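Generate the whole structure from the sequences, applying the supplied hints.
The chain contents come next:
There are 2 protein chains.
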Amino acid sequence: MSETEAHDEVTAGFLVIGDEILSGRTKDKNIGFLADYLTAIGIDLREVRIVPDITEHIVEAVNELRARYTYVFTSGGIGPTHDDITADSIAAAFGVSIDVDPRAEAILEAHYPPGELTPARLRMARIPAGADLIDNPVSKAPGFRIGNVHVMAGVPSIMQAMMDAIAPTLKTGRKMLSNYVDADIPESRLAERIGQIQKDFPQTLIGSYPRTNDGRFTTQIVVRSRIEEELKKATAAVEEAVAEALA
Amino acid sequence: MSETEAHDEVTAGFLVIGDEILSGRTKDKNIGFLADYLTAIGIDLREVRIVPDITEHIVEAVNELRARYTYVFTSGGIGPTHDDITADSIAAAFGVSIDVDPRAEAILEAHYPPGELTPARLRMARIPAGADLIDNPVSKAPGFRIGNVHVMAGVPSIMQAMMDAIAPTLKTGRKMLSNYVDADIPESRLAERIGQIQKDFPQTLIGSYPRTNDGRFTTQIVVRSRIEEELKKATAAVEEAVAEALA
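Protein sequence lines, in the order shown, are assigned to chains A and B. Using our numbering, the letters of the first sequence correspond one by one to residues 778 to 1024. Using our numbering, the letters of the second sequence correspond one by one to residues 778 to 1024.
Rather than coming from a laboratory, the hints here were simulated on the basis of the structure. All values reported here derive from a predicted model rather than from experimental measurement. Cβ coordinates follow ideal geometry from the N, Cα and C atoms, glycine included. Heads up, some of the hints might be wrong.
Away from chain A, derived, C-beta distances all over 10 Å, residues of chain B [as the list claims (entries may be wrong)]:
hint, residue
1, A844
2, G856
3, E882
4, E886
5, I911
6, A944
7, Q980
Subject to a maximum C-alpha distance of 25 Å in a straight line, what follows is the list of computed DMTMM-like cross-link-like pairs (lysine to aspartate or glutamate) [to be verified]:
hint, chain 1, residue 1, chain 2, residue 2
8, B, K917, A, D961
9, A, K804, B, D959
10, B, K976, A, D961
11, B, K976, B, D991
12, A, K804, B, D941
13, B, K804, A, D941
14, A, K806, B, D961
15, A, K804, B, D991
16, B, K976, A, D991
17, B, K804, A, D991
18, A, K976, B, D865
Here you go:
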């Protein structure tokens, strides 16, 4: 890989925190959202992990992901209840202290009627030392950024609003462009030609995705590249292969 | 943890393999399905990872998960195209050879019209040495089990059929029972009482999940336990706490 290409790549890992996703009770909506969002702004999502509300699991996953990718995003576990242990776990992962943050406390003080900032609610102002706050326009209790890790709420509407607050601060790579070709035949009938096209155009990523459509097997071929000219040529080659297979 | 409890616990990790999930082009439907399925049969899903179609990533994730949990399940990357590298990656993870498996080849031979079992399609019969086949009633090309790892297709209808084939072979733990209590108030107003109830009933797992409902914040409290009596008592305590908070 040339230096230019390396410079173009900005990568990310996403950590979803919560027993409720692993038990099936809550169906995750944040992975698909973040995947689309990061692709749109030119950041490659490379790995996702879902872990339970257990400190050691969170610490291990955060430390592995932050060492490996440009950015890490997390969702879940920053509310006021006993099972919200994300902030403390992130502090442990970074080896920093954690306490009620005066900036976060001020936001919550302004939000709740006098006397209603209970000890439980004040838990939401616990922020690791050295972190920046992430604005929460929906329900006020902030997220935070420490190092390359961005800690967000799990409720999708809040997580999405926090992503909008974070996005302008991120460096982004040259955007991945993509085309797709639908083929009304099973992928096994295209596999050899598509494999050859992938070899012919090494600066593209070609994916072949089987679908079922009214009980018939069809295929979608997706061509991705950061270089528009390569994308065009490879897509044309795929279209030709599909036309030949159908002929 | 007592020996009895340890024996009751059967755990699982799930590995989703595929660039298309990480780019957002395909929205995963298998995580929620497997989470529900495993919970229903008494297996605890403890971790999920989504990795790209890159051999080293797959090998690393499989080896970490299989060392850690009773069972591992994977979905994706066992089709006929160049980007389907799961079977070879699993063989590499286990340090075994991989070749066209006569049992799998016979299944595909019987499925395709004479002469149509092309080299690309025959790729789907590549199975690591020592693995058992997993039946695929939908499109024939089998999955496989090696050690504690179960390798399934990514297409949801096929993955679900494969899970039904696998389920009778799994040992399952004492089933996790659960109740929930809906509360039409923000979770911060319940947090202290719920935290105390969690302490009072250590053999339960109590989760507090904020929701937005027409712009209002509401809460669902989920109580889980393997012991019915504990579940009942803790649920009653939660109901009392909610009633008091609403009074």
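Verification of the hints:
no., hint, in the structure
1, A844, "13 Å, holds"
2, G856, "6 Å, violated"
3, E882, "14 Å, holds"
4, E886, "14 Å, holds"
5, I911, "17 Å, holds"
6, A944, "15 Å, holds"
7, Q980, "15 Å, holds"
8, K917(B) x D961(A), "19 Å, holds"
9, K804(A) x D959(B), "17 Å, holds"
10, K976(B) x D961(A), "58 Å, violated"
11, K976(B) x D991(B), "33 Å, violated"
12, K804(A) x D941(B), "21 Å, holds"
13, K804(B) x D941(A), "21 Å, holds"
14, K806(A) x D961(B), "23 Å, holds"
15, K804(A) x D991(B), "19 Å, holds"
16, K976(B) x D991(A), "52 Å, violated"
17, K804(B) x D991(A), "19 Å, holds"
18, K976(A) x D865(B), "19 Å, holds"
Checked against the numbered hints above, the structure violates hints 2, 10, 11, 16; every other hint is satisfied.
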